[in-house]
Amino acid sequence: MYEAVYAHPDGESTASRVATAAGRYGYDGIVVRGLDASPDYDRLRDELDVDFVDAVEIDAPDPERASGAVGNYRPQRELLILRGGTNALNRFAVEQPRIDVLSRPMHGHGNFNHVLAKAARDNGVRIEFDLGPVLRSNGGTRVQALSDLRKLRELVEYYDAPYVVSARPRSHLELRAPRELAGLGEVIGFDREQVLDGLREWDRLAARNRERMSESFIAPGVERGKYEKDD
Amino acid sequence: MKHLPKHLRPRWRYLAVEIEAWPDASLNRGAFQRELWYAAQNLIGDSGSADADLTVLGFDSADGVAETIVRARRGTVDDARAAIACIDELGSDPVGVRVRGVSGTVRACSERYLHGRAGISEERDVVFENESRTAAVRNSLLDVRGPDGFTGATQLDFE
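So the sequences go chain by chain: G and H. Per numbering that gives the first Met the number 0, numbering through the first sequence is continuous, rising by one, with the last residue being 230. Per numbering that gives the first Met the number 0, numbering through the second sequence is continuous, rising by one, with the last residue being 158.
Heads up, some of the hints might be wrong.
Claimed, not checked - With beta-carbon atoms standing in for the labels, derived distance ranges: (1) H:GLN40 / G:GLN143: 43 to 49 Å; (2) G:ASP121 / H:GLU128: 51 to 57 Å; (3) G:GLN143 / H:ASP50: 22 to 28 Å; (4) H:GLU128 / G:ARG42: 15 to 21 Å; (5) H:ARG33 / G:GLU222: 57 to 63 Å; (6) H:ARG28 / G:ASN112: 44 to 50 Å; (7) H:ASN138 / G:ASP190: 36 to 42 Å; (8) G:GLY107 / H:ASN138: 19 to 25 Å; (9) H:PRO9 / G:GLU153: 32 to 38 Å.
To be verified - Take a look, some chain H residues computed to stay more than 12 Å from chain G by CB distance: (10) TRP11; (11) ASP45; (12) VAL98; (13) VAL143.
What the hints contain is simulated information worked out from the structure, not anything from laboratory work. All C-beta atoms in this analysis are idealised placements derived from N, C-alpha and C, irrespective of residue type, glycine included.
Isolated chain H (complex conformation):
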């Protein structure tokens, strides 16, 4: 179909979103889009979701961290933030999400807010609670593997 004249096209806002998870999580665009739709539908309902029209555009993930751009209709950015905040799991992996910033174009959004955080750089053996464990190390952040899941720590806990 012929596309709309410019003044009739919807105005969008682009949210730069950062996703964090334990190092064994698999983060992908499909799962995030699905959770985003669920979250929006459960929080703001069908009509609100249709208004916000949340769509995941880019998705860039590496070893438990991901950056993505979520498109929302102008004027629904606060609803979009709320829906994004309600995402607590992708599949069955617990995730932390944060909106880094909002822009009017995809390009401005990715140039300003997405800069690629370092992924897992190495695995290291550490002593945690008097036991030898392996930890995934990212900058000064460590995720210590334990018998029942990971424990988040930093370099400070091992000095």
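Extracted from the complex, chain G is given alone in its bound form:
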């Protein structure tokens, strides 16, 4: 199970500190949502038992600029997350097979509907369930976040769209263990397995993208391998 986190300078703790905590909490690795953060991944992977996924979170004001960033970062990074939150960005993200994850689609004025859910399923874009506001806010904002999560969950379940789960922690203190998130999910209407599966989806995505980025990969099912010379 992986958790997708912000690391210094985007968050309050460095990647190594969050990873140390994540290891103790029972995660196999972390996905670093890099906006400005760019730790030395090779060294960290060698030094710690925790895996690091070199991801980028694109924070663009509109689809035009997001599209440029997607083109730029796709070949460089192992995982591409687009920060949603407006209807235009959500729509753009679910129609782009090049994007792996649509983050916090319900944030702010963002909304979601059956058209987007179908597009996300067809293009394999993972929809993120953001548990952050449930964990860290209260009162009206939290009620709003809970009802948004419910709507999103009903759509994702009905259309069988792929999804990921994250608490979007900004420091090692905001990190929560998988069992705690599963317990919380159960209280707010998710299945226990659903939450854990959403955390496992990050590993599957990372593994798939790493395979695609490896040199032997040509297309799904086609790989460069040993062949016989016929001269």
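Assemble the complex: chain G is given as a structure, and chain H must be docked to it using the hints.
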């Protein structure tokens, strides 16, 4: 009042909880109990809170880390976990919480899961982002003091 016969007494589960904060935070039992009740009430409501009957038993804190035992009624452990996960601040200090394990007796709980993590061992001057800062060092973990709050780091960031 005369206490209940054994078969009528409630069955409890004890959760070993670990709390972590920045080194300047003051962690105490009263604040944690209050936040736990708030968290439970906001998440599972009055009836759920009454069922879970969450009570903080022991509380052992030193320099930004604490260990405690939370008692919950048997069968409500998942609700208790969820409520504990929703604690993000004690007073105004941000905290990280984790359930280390669950036992059927206080004794088993403290013997198995609470072993006293090392508190702050020293203060040290470090160079972080090309500036000289002070850091609180605990094993290989460092909390670097900056102009606007702390930054969590490890020894690896300074090699």
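Verdict for H:ASN138, G:ASP190 (Cβ pair) under range 36 to 42 Å: 38 Å, holds
Verdict for G:GLN143, H:ASP50 (Cβ pair) under range 22 to 28 Å: Holds - the Cβ-Cβ distance for G:GLN143 and H:ASP50, about 27 Å, lies within 22 to 28 Å.
Range agreement (Cβ of G:GLU153 with Cβ of H:PRO9, hint 32 to 38 Å): Given a distance of about 37 Å, which is inside 32 to 38 Å, the answer is holds.
C-beta pair H:GLN40, G:GLN143: status relative to the range 43 to 49 Å that was hinted: 19 Å, violated
Assertion that H:TRP11 lies outside the chain G interface [Cβ separation over 12 Å]: It holds; H:TRP11 is separated from chain G by about 18 Å at its closest Cβ, greater than 12 Å.
H:VAL98 non-interfacial with respect to chain G [C-beta, more than 12 Å]: At roughly 6 Å from the nearest Cβ of chain G, H:VAL98 sits no farther out than 12 Å, so the non-interface label is violated.
Assessment of proposed distance window 51 to 57 Å (beta carbons of G:ASP121, H:GLU128): 45 Å, violated
Closest CB of chain G to the CB of H:VAL143 still more than 12 Å away: Answer for H:VAL143: violated, closest chain G Cβ roughly 9 Å.
Supplied distance hint 44 to 50 Å, evaluated on CB atoms of H:ARG28 and G:ASN112: 48 Å, holds
Reported absence of H:ASP45 from the contact zone with chain G (all CB gaps over 12 Å): Label holds. Min Cβ-Cβ 15 Å, cutoff 12 Å.
Range hint 15 to 21 Å (beta carbons of H:GLU128 and G:ARG42) holds or violated: 18 Å, holds
Satisfaction of the hinted span 19 to 25 Å by the C-beta atoms belonging to G:GLY107 and H:ASN138: 40 Å, violated
In this structure, the hints that do not hold are numbers 1, 2, 8, 12 and 13, in rising order.
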